[in-house]
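Going by the working numbering, the first residue of the sequence shown is number 20, and it counts up by one from there.
Please note: incorrect hints may appear among the correct ones.
Claimed, not checked - Taking lysine-lysine and the DSSO-like style, the derived pairs with C-alpha atoms no more than 30 Å apart in a straight line are:
hint : residue 1 : residue 2
1    : Lys-145   : Lys-116
2    : Lys-143   : Lys-213
3    : Lys-116   : Lys-146
4    : Lys-145   : Lys-240
5    : Lys-146   : Lys-213
6    : Lys-64    : Lys-145
7    : Lys-213   : Lys-145
8    : Lys-146   : Lys-205
9    : Lys-143   : Lys-205
10   : Lys-64    : Lys-213
11   : Lys-64    : Lys-146
12   : Lys-64    : Lys-205
What the hints assert, rightly or not - Just the calculated beta-carbon pair ranges, DEER-fashion:
hint : residue 1 : residue 2 : range
13   : Gly-241   : Asn-136   : 39 to 47 Å
14   : Thr-252   : Ser-179   : 13 to 21 Å
15   : Tyr-126   : Lys-64    : 18 to 26 Å
16   : Glu-259   : Thr-182   : 17 to 25 Å
17   : Pro-267   : His-47    : 15 to 23 Å
18   : Val-256   : Pro-32    : 45 to 53 Å
Everything labelled a hint here was simulated from the structure, so no lab data went into it. For glycine and all other residues, C-beta sits at the position ideal for the given N, C-alpha and C.
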Amino acid sequence: MILLLEWTSNDYPTDPFCKLVLCRAYAHIGCMYRMVALTRALDIKSVQRDTLGYIMFPMPELCGRLDYLTTFIISLRFNVGIVHYTEMVEVYEQAEKEISEALIGAYRNGAFMQVPNLVALADKMKKSAMSVGANELHRYLSALFAIDNLDEALNTLHGSDDTIEWDSLTDNRDLGVIPSFERNVKEDLESLRKITQQEFVDMTRLRHYLSQAVGSAGGAKGAGPQELGADVTLLRVHLEHCRQTYSPDALQVRLCLDSKKTYNVHTAHGIPCNHCL
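Whole structure, please, built from the sequences with the hints as guidance.
Here is the structure:
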């Protein structure tokens with residue numbers, strides 16, 4: 020199937036659907052480098068990088084978790100993830116800049132009808148779950164694999180003290196971008212959207228609390244026992260929530276990110292809370 024899709028993609032380079040289906044196929048076999056090449060070949064805009072970001076999102080760190088023969092290959096795969104999430108963070112920063120410039124232009128030109136739409140778009144991008152997730156993974160992987168200085172790594176892991184409104188994060192994914200011939204596909208996608216969005220937020224939140232706790236334990240930004248205790252409490256509570264919500268026997272979700280559910284289950288049930296915390 021992959022060979023047929025590759026042939027079609029080469030013969031019809033302007034067709035985006037073949038590339039998207041190929042991304043899904045390569046996601047199943049963990050072929051990270053081909054996925055990177057295909058997503059870059061799509062040449063999509065910032066807003067589309069947000070709505071289609073879920074296609075690539077968990078693959079870099081999942082590929083890096085595989086048991087390879089050498090630690091060099093594992094680190095190399097994680098480096099691909101660092102580059103990818105750095106680009107994702109820059110996408111949201113660039114989008115914020117472009118929207119701000121568009122707002123200024125709208126006021127200057129008297130195009131006041133465009134202002135509400137631009138403000139709504141800015142708010143949607145700012146509260147995107149993908150934006151928060153990309154930032155968390157960028158800090159997480161950079162601290163572990165790209166920073167040599169321990170203090171700098173701990174500060175990076177801890178992150179800023181800005182409050183994240185987890186319950187107000189928006190789901191901007193375009194799950195119907197690949198055409199489907201199945202019946203009631205819209206209803207199925209909406210059901211999957213709700214389940215996977217909550218799981219994605221929980222996974223990102225768990226990583227956020229874990230990173231903050233590790234950073235505080237290392238004294239990041241002058242954190243003392245009080246800060247460490249507060250961070251560990253947040254981690255304990257959310258970790259228990261994830262363990263109760265995502266059981267090891269949970270069914271796979273029929274999306275191109277099938278491995279995400281397994282990853283969250285392994286993360287939640289793989290942390291020895293009682294012994295380490």
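Are there hints from earlier that the structure breaks, and if so, what are their numbers?
Of the numbered hints given earlier, the structure breaks none, since each of them holds.
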